[in-house]
Each structure stands twice: as C-alpha cells, then as structure tokens.
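Trainee: Spelled out from the first residue to the last, the chains are:
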Amino acid sequence: QQQVKQSPQSLIVQKGGISIINCAYENTAFDYFPWYQQFPGKGPALLIAIRPDVSEKKEGRFTISFNKSAKQFSLHIMDSQPGDSATYFCAASRQTAGNKLTFGGGTRVLVKP
Amino acid sequence: EAEVAQSPRYKITEKSQAVAFWCDPISGHATLYWYRQILGQGPELLVQFQDESVVDDSQLPKDRFSAERLKGVDSTLKIQPAELGDSAMYLCASSLSLALSSYEQYFGPGTRLTVT
Chain A
1 QQQVKQSPQS LIVQKGGISI INCAYENTAF DYFPWYQQFP GKGPALLIAI
51 RPDVSEKKEG RFTISFNKSA KQFSLHIMDS QPGDSATYFC AASRQTAGNK
101 LTFGGGTRVL VKP
Chain B
1 EAEVAQSPRY KITEKSQAVA FWCDPISGHA TLYWYRQILG QGPELLVQFQ
51 DESVVDDSQL PKDRFSAERL KGVDSTLKIQ PAELGDSAMY LCASSLSLAL
101 SSYEQYFGPG TRLTVT
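Chains as they are written, first to last, in this note's numbering: chain A, 1 to 113; chain B, 1 to 116.
Rather than coming from a laboratory, the hints here were simulated on the basis of the structure.
Wrong hints could be hidden among the right ones.
DSS-like, lysine-lysine: derived pairs with alpha carbons at most 30 Å apart [said to hold, decoys possible]:
# : chain 1 : residue 1 : chain 2 : residue 2
1 : B       : Lys15     : A       : Lys42
2 : A       : Lys57     : B       : Lys62
3 : B       : Lys62     : B       : Lys15
To spell it out: a stretch of chain B is covered by chain A in this simulated footprint if at least three of its residues, at any positions, have a beta carbon under 8 Å from a beta carbon of chain A; those stretches are [said to hold, decoys possible]:
# : region
4 : 33-45
5 : 60-73
6 : 104-116
Counterexamples of contact, computed for chain A against chain B with all Cβ distances above 12 Å [as the list claims (entries may be wrong)]:
#  : residue
7  : Val4
8  : Gln9
9  : Ile12
10 : Gly17
11 : Asp31
12 : Arg51
13 : Glu56
14 : Ser65
15 : Gly83
16 : Asp84
17 : Gln95
18 : Gly106
19 : Leu110
20 : Lys112
Positions of the beta carbon are idealized from the N, C-alpha and C atoms, including for glycine.
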C-alpha cells in the first residue's frame, strides 16, 4: 500500500522559474512531513520539513504548503537554478511509529539554463 | 559539519555470496535506521535501532538479512546469501533520539550494491 503518492514523476523548468511538486498521504496519524533532495549517487539530504499544525513554511527559495483537510502537501522551489536539478522526495512519519519515514516515489527535476 | 559515514561506497558481489555494510551515525545520535532504495524509487525502511535495541525490523527479510548495533554506536547490515534482487542503494540514517521526539533524520552517502 503506497501511503504517500508523489507527482509529477519528472519536471522540466527554466532557470528562474517555479518548480512545484505535490504529495498526498493517506494516514492521518502522520505528524511530520519532510522533503529530501537527492543527487545521483548520493544520499538524500533534508531540505525542509513541516508539522501539521502549520499551513506553510518557507526557507530561502523553498516553501512547503500543507493542506491538512485535503491530506496534501507541496514543495515550491522559487527562482529555480541549474544546481537545483536533482530528485526530490516527500516523506511522512509519525512519532508513534518510531518516526520511520514513508517516502513518495520521487520527482526528477531538471532546471534548464 | 557532522555526517553519517558509510562504507564501502560501492560493492559488487556474486549471487549467493555474503556482503556486509557499515554505518557510523552522527555523534550523539541514538536512533539509527537502515533503508533500501531501489533505483528510481524512494527509500524503504529495513530496520531501526534505538541505542543497541531493535525498534522495528518488520520489513527486514530475516532469512537472509541481519543487522546489529552492539554498542549502540555504529551498525552493520549483512546479507547472506545475496540475491540478484538485492541490488540497490543501502542507506543509513540517524536522528537524535526517539525519547526526545526528534524527527530530523540525516542520511549517509549510501552503499551501492550490485549483485551479479
């Protein structure tokens, strides 16, 4: 059972544009929603995260929007740069389950110069 | 900057052979996770430790996989015998402690396993 669904699978954006990645979850017990960035051959790097009591969180060019009623959250990358070209994973976890992460399928983002 | 260390970075082994991966979490991190990432997919949890104790190994194929964290610091994941379907990236992650309700998990660079 895929508990976290991520879309799109891939995304091409021009330099300076906005990248938007969406995730939907099923388990309402999830209480932590991070986004990870992964470059080829590397481990995932924590980018930004949000708790369900907040509807939006911004860190630099990265913003998470969270819609608890719709069980959806999204990552916005503003002013996308070629160095942002990577695979992005959303994830969810819950404290009562040891905080183990359930990941989405990933979105490959390509930023064209 | 503190990092999760893993070795080896790459491993090629033949089917039916034994293979082992090592992980050293960020200093002071009590919780350690092993994930497996198949190419093109998100990581999936194999086993989780709090100090030296297993918290969750429900997704660990125990007929061939084993994991230990004897002194509650570094950890070893072993596969014996390896099968072709085990080819994947094996990722180790750590977080401060379940007792502190710390959510942030930090991943190491991974070990890329190829079984031939």
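Trainee: Hints the structure violates: just list their numbers, smallest first.
Mentor: 2, 5, 7, 8, 11, 12, 17 and 18
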